[in-house]
Structure formats: C-alpha cells, structure tokens
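Sequence order for the protein chains is A and B.
First residue of the first sequence: 1, per the working numbering; consecutive thereafter.
First residue of the second sequence: 1001, per the working numbering; consecutive thereafter.
Treat the hints loosely; a few may be bogus.
[Stated by the list, open to error] Here are the simulated SDA-like pairs of lysine to any residue, each with C-alpha atoms no more than 25 Å apart in a straight line:
no. : chain 1 : residue 1 : chain 2 : residue 2
1   : A       : K325      : B       : L1065
2   : A       : K325      : B       : D1106
3   : A       : K325      : B       : A1160
4   : B       : K1340     : A       : L520
5   : A       : K486      : A       : H26
6   : A       : K511      : B       : A1115
7   : A       : K486      : B       : L1065
8   : A       : K6        : A       : D463
9   : A       : K486      : B       : G1053
10  : A       : K511      : B       : D1106
11  : A       : K511      : B       : E1111
Hints in this document: simulated from the structure, not taken from any laboratory.
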Amino acid sequence: MLTCIKGGRVIDPANARDAVADVWMHGGRIVEAPPADVRADEIHDATGKIVMAGAIDIHSHIASDNVNRARLLLPELHRASAPNPAAAPLSNAPSSTFETGCLYASMGFTTVVEPAVAPDAALHAHLELADVPIIDKAILAVLGNDDFLLEALRREETPSLIGDYVAWTLEASRALGIKVINAGGAAAFKANVREFSLDDVVPTYGVSSRQIVKALQRAVDELGVPHPLHVHCNNLGLPGNAETALATIAAAEGLPLHLAHLQFYGYGNEGSRGFSSAAARLAEAVNGAKNLTVDVGQVMFGQTVTISSDVLRQFNARTQASPRKCLIFEAEGNGGGIVPYNYRPGNFHNAVQWAVGLELFLLITDPARVFFTTDHPNGAPFTTYPDILALLMNRDLRAEWMAKLPPEALQVTTLRSIAREYSLAEIATMTRAAPAKLLGLADRGHLGPGAVADVAVYSQASDRAKMFRAAALVFKDGELVVRDGKVTRYRWGRALWVRPEREPGIERRMKDYFGDRYGLPPDFMKAPDGAIQRTDPFELVPCHS
Amino acid sequence: MADAWIDGSPAALRAAAIEAAKLLNASRLPLVAGLGTDVDGARAAIGLAAQLGGAIDHMHSRVLLRDLDVAREAGMMVITPNEAALRADTLLMVGPGLETAWPDLDARLIERPPAPEAADHLRRRIFRLCPGTKSRARHEEAVIGRAAKDLPAVLAALRARLAGRPCSKLHDARAIDRLAAALRAARFGVALWSAAELDVLTIEMLCGLVNDLNRATRFSGLPLTPGDHAAGVLEVCGWMTGFPVRTGFARGFPEHDPWRFEASRLVASGEADCALWISAYRAAAPDWDGNLPTIALTGADAKFRRRPPRVHIAVGRPGLDHDAVEHFVPTATLAWTPAKHKSQAISVAQAIGQIALALASDRASPC
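Model the full assembly from the supplied sequences, consistent with the hints where possible.
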C-alpha cells in the first residue's frame, strides 16, 4: 500500500531537512515521492502539523526480571485505571507490558531499549518485550560483575578471549549492546564491601573497577558493536560523585563511551548541606570529549520506584525507601535491587537533582551527544517525557517551576542563569537522529528513502507537553497505529540485536566453564526464536566491519 | 487413545473446543484456575481470562502469596540457588519440608562446594532450625529446636539475641547464643525456607533476621517455591497484568485481591459459574466440590472427584512432550526447555488457541 502524509512540516535533521513536504511510505519503508500521476492508496493530511521520525528511547527499564519484581513488590503503585474494554486485552493494565507499548506509541516513540538485563535473564526480558505491543525494542546485556570476566582479567587472559566472551554473550542473550553497572561493585558487595569506586579492587580477584570498564570498552569497540560500552559509574547518587564521573570520562581515553543517567553523578559536596550541583563542570567535560555520549536520567517530582542492577547502591539506599520496603536480589553477576522512592518538590536534595538534570540538558551544547531519558522509572516514569520536553523548550515554564522549589536548592545550581531553549529541530536530533546513530540503526531515526516507516505526526500547540503527550498520528512500519493519542491498531514489534564475529572455540570454553562452575550446560543462557512464540521476534543489526 | 472428551465420552479436539467455547461464552464469571502450565500456556490462559472478563488463580497461590506478602509488606533480601551454592559458607535451614519443596536440595546446594573465590578456607557450616520431628539429621552441624510449632519462638529469640537483647526464659538459650555467634561470624550466610510450611509472620521474622545480619556481615534468603510452575506463572502474571495471581478482569481491567479471587471461594460462593482448570505437570483435578461446568486441560489420566468435567482436553507435559519456557530453579530465571520425548500431545497454549478460535466464531454467529 502506498501511503502519503501530506503537507506537514517535516523535521528530519539526519537528512538536513526542515520544510513543508510530503512523506511517502510503501511496504513498511519510506520511499521517494512517486511520479505526479501515481496516486496514494491512503492520504493523511498533516497540514499545519509537525512530522518527525518515530522517537527512540535508549535507556528505559521496561522489561526484565528486575522490572517484574518491582511490579510484584508494589501493587499499590498501579491501582487499576479507568476501564477500556474496547481496546485489546490488557492494554490498560497499569504498569503491564501491554500498557507500556501503548503509552510509548501514543507519544510517538517506536523503538525503546531496555538497558539492564543479566545475560541469564535475557530470555525472560525478551518474553516480556514480546508482550510489549507496537514498538520495537532491544536489550543491553550486563557484564562487569560476572565471574568469567573477573577471573579472565585476574589471570590476564588476552583481549581477544575477552572479546570472544563478550560476543558470545551478545549472541546468547540476543542483545544490542553491553552495559556495565558499578563495575566490580556487586562482586565486591558479596565480599561485604560497602563502598566501591573506580580504583577500588574486587576482593579475591584483585581487579579494579577501572580495569573492568576499560576491558569491556575495548572489547565492544574491537568487535565493531555499533553502540559503545554503556556505563553506569560507581557511586551513583552520592554527594561529590561528579569526581567519579569525571574520572570515568578521563579513563575513556578517547575511545567511544556512553555514560548513562549522568544526572545521578552530577553532585558536588558544597554548600551548607554538603550537596550541590556539579552539572556545569560535567557539561564542560562532556562538551570537550567528542568520544563521549551521555543520557540525562532527569528527575521529576512524584512517587516512583527505583529499579537497578547496582545492588550495592540499592542496598545502601534501603533506608530511604518510601514506602518502607525493598527487594535486594543477588545472583551470578550483578543481581539488583528495587527501592520505592518519592521525589518531593519541597525536598532540598530532590530539587537539586531536578535542576542538575535540566542543567545537563541545557549546558551540553551538542544535542547529538546528550540523550533524552529519565532512566525510567528511576528518575521519573517515561510518561513525564512531554513535561520535560516542555521544560527544555520554554525558559518561562522553567521559571514557573523554580518559583515553587526551595530557593536554597536552586542557589547551589546554575539553572536560573540558563536562557537556552531547545528548538523542535534539536528535539528531533536528540530523540530521533542521534539515538539511531548511537545504536547503529541506519534505517531509523530519519525520514529518508529506505528508512523504516516509523513516523510521528504532532499537532502544533504552544503547550508542548500537550503536543508531545498525544501524537496526532503514529505509523509503525508504515501502518497507522495511533490517532489523536489513542492506539488504533495493535501489532507486535521486533527485538534488535547484534552478532559480532568470534572464534568458534569460545563455545567449547563456555560449555566447560558452566559445567565446572555450575554443573550445568550453558543452554539456560540462550534465547532461541522458538521460545518467543511470535512471528519474526528478532531483527539482526549489522556490526561495523 | 482419545485426546478429548465431552461429558466423559471421547470427542474430536475441535468438537471439544467448540463445546468449551460455548460454556465460556455463556458464563458470567469464568474462573481460570490450576494454571499448572509453562510460560506460553500461562500467557494464553491469562489472555483468555482477560478477554472473557474472568478471574485467575494458581493451585499453589496460598503458598506463593505468603512469601510475596512478606516482600510487599516488609521487603526481602533473596539470592538464587546457584549463587547460594557458590557463595554460602553458612546455611541456615529453617523449618520442615525443604527437601520436599526442592528435591535437588542436596545435589544442587548441600553437596556442592563453595566457589574458590568465596571460600578458599572453610568447610560450609549448616544449621537447622525446627526441622520437624520426622526429619533426618545428616549434614547438620547443629539442630536447634525440633517441632515446627516452636519455630516462631526460636526465631524471635535468635533475633533478640543477635540484637543484644535478653531472652532468658528459653530453655536452650545457650544453643541460641552459639548460633547467633556463628551467624555473625558467617562471611556469607543463606537462610532457606519453604513457605508451604511457615506462616507469614514467621517468614517476616526470618527476613527481618536476614536484614539485621547484613548490618555487619553478608546474608541472604532463599525461599523455595512450590511446584506446578507456580514461580513461572507468577512472573507471567506480573508482566501481563502488573499483579500476581488471584486477579480478576470482570470490570475490564485487572484487579488483584487475594481473598476475592481465590478459586475455591469463587466456586463455593457461586460467583464463578464456569471453570477452566489447567494442570499440565500432573493430572491433578480441582480440589473444590463445586457443581459448576468445568473444562479441564490436564493429562489424559486425571481423576475427577464426582463426575468427568463437561469438557476434557488432554495436554502434554511441558518440557517433556513439547518444548517449553519454564522457571529454572538454579538461576531463578526463565529458561528454554526443549522436549525430552517430543510427542503428539498438544500444549496448553495450543488447546487454548483452539478454544479461542471457537470463541471467535461462536461470537460472530447470531444467537
């Protein structure tokens, strides 16, 4: 079917385009405008509307064993919402996979990355993702506290062996990239270590956090995995931890590196309360390091739940749980923790955190290197995205919010002095063009011929939050799935993954390893197509040669 | 051998599915219960219940919800069986029924040495609290308390002594003190229990003890889960509905209420007027005495209490007759289990697929 989105303002920074134009789709792809005598089978009038590629979220905890633990821990956080029996079954189940897909699609998002999946829980994550409708998705596999890697580093095994192991893990878990979370910190916590920083050493293994990060960074780079190593640094949430982030940036030594939810590392220890914003210093460092990308992890006020594979940090945060309960889970590798938390606008620390996120967004100059996240649900649920976009695009709105926050909190930040407002083109870069490039998805994030026909159309409104909350039209693979913010068609997406080349010998090595250590064959780590029970559940993304 | 029956008489699968669809369509509140099935069967069963506005319950919810109640009321620290085997230099085995809940307990935990990086030095120390009068003592270094009914008092005394509070009236106070010292000296201790044998307050006390021990050393909990794939079905229910089992969809959205949506109560009260009973791991029959029309998806040899169900479709055993995804105990995650002896027997998901097809055409036809 030939479909035309007619007469909208097409904002497509990847193709240097910002003009009123038609967008044509055929066979699930964007195509060139046909000759004048060819008529579209379906025409959607977008006159006066904004047309962008479908948005891509690079870091949102939407599906994993840890996410599911949070659901089961907190029935009170998802009391049933209004019934909607006309929709597909379960699409209005609060916090369910079905609702996740519908809510993302209604905002014009078409690809979302779940960034923290333990390799042995990959099948679980893929099964959950298979029940997330409409959007495409991917997982990042978590390494860096796993015995195999730490033992390989202790024994000073070759980088090629570590590369083969990383490639084997990506293939077994069907992941799009590798994330490291408090490298070595979870392994150290098992040996009763309670504080762990970049140059601390994991007991028994004698390997430092820095060594782990650098080994994984090199492996991911040399394997040609498009997405650079995705790093959750040590010392998340602690006063003065900007030093840890700066040290990690320096440790990258020019190789590609992605720092996740930088807001949670944007803290100095100045002021009478020993807690201040260090966002300006971090932003300066990011601006100067062209090898580096970051996402923000913006905090918004309200009840949420923190879901993290940084088990050490979650254990230490358990005294701040609100409501007062948490789940701490230990496993091979990272484990994790679920700690409910309520960000309060009257709370000094929470107000600083909110400001730090916005400072990072506004002080990092290149919208292609700063990504739009709340670290859902850790800083805020992804449903707050429209409000954050509005704050980025309107300094008066920021002033209104700041007027309601403790002035002493804003005094230890630079937010009041920042006048920058994001343009629609910058928003399109940050949420479309740049994430596609970061993840190596050449056919997404833009509207050029050949791209996947994932398109979001928004009605112009001065209230940007309203505009971005309910897309006027959303197309997934060329198919209309959302009209006026309501899901009109239910369909199933794919999970994107990479399969770098590796030596075949690693298969034998992993078999022996799992046999010796666990008395098990490594098959329990694998996520085969047949287990998912959907048509074409996976899509392979090429690696760089 | 037949693979489907209507009122006890052999029938074609399609005819049985059509009959099942009629019963479900005529029902005001269908109950989908048992739920002894793999991940795909659970996805199909929960989806069907949502579509029909029914209610779901697992045959082991009572036990499953005890641990979950403690987690969601007070919190919990837990560890996977694999990691416990690699890491634990101290095991605290609490209450009776551990071997019953986990038949591989000896092979997968007790008899496996800790990982080299965890314990280069130590023999693993094992303690048992109130194992019940029938238990055999083998590996244990010390047994404290015997009868299961004494467990709450023993646990309370242990927790009090660990917190440095007096506890004078207990008759084996010295044994408690020795145990408290041993737990404090653990490098990484793991407490095991089976919720089938403990009440909620005892589990909460035990989890509080684990929490207390982490102030100075490392400790975690290992709750043993009930059978019939209860742990895996709980996961599926979590992601599909946001809630555990004992959830209803009658108002068009999921509502979780452990009392309201308990299967035998729904049957006894007459609220449920049709049941889809699923038991693919064993040919178990429902334990209620209700008279409501029942569709059973179980092994062919199920023994039903009073009369055969209105519709019985024989299904295969997951991981044996057909490929399956199941909760994998060692890692406490979901894993792929290829069929050990692939057979012609259909899966629960396939049987529900047949019923759903019949439902769609039944609804499309004028009545």
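Here is what the structure says about each hint:
1. Between K325 (chain A) and L1065 (chain B) the CA atoms are separated by roughly 17 Å; this keeps the pair inside 25 Å, and the hint holds.
2. Taking the CA atoms of K325 (chain A) and D1106 (chain B), the gap is about 32 Å. The hint is violated against a cut of 25 Å.
3. A distance of roughly 21 Å separates the Cα atoms of K325 (chain A) and A1160 (chain B); the hinted pair therefore holds under the 25 Å criterion.
4. The hinted pair formed by K1340 (chain B) and L520 (chain A) meets the criterion: a straight-line CA distance of about 16 Å does not exceed 25 Å.
5. Restraint check: the Cα-Cα separation between K486 (chain A) and H26 (chain A) comes to about 23 Å, which is no more than 25 Å; the hinted pair holds.
6. Straight-line distance between C-alpha atoms of K511 (chain A) and A1115 (chain B) comes to about 17 Å, which keeps the hinted pair within the 25 Å bound.
7. Between K486 (chain A) and L1065 (chain B), the direct Cα distance comes to roughly 36 Å. Violation of the 25 Å bound is thereby established for this hinted pair.
8. The hinted pair formed by K6 (chain A) and D463 (chain A) meets the criterion: a straight-line CA distance of about 24 Å does not exceed 25 Å.
9. For the proposed pair K486 (chain A) and G1053 (chain B), the alpha carbon gap of about 22 Å is at most 25 Å, so the pair holds.
10. A threshold of 25 Å between alpha carbons decides the hint, and for K511 (chain A) with D1106 (chain B) the separation of about 23 Å falls inside it, so the pair holds.
11. Distance hint between K511 (chain A) and E1111 (chain B) is fulfilled; the C-alpha atoms sit about 22 Å from each other, no more than 25 Å.
Of the numbered hints given earlier, the model fails hints 2 and 7; all others are met.
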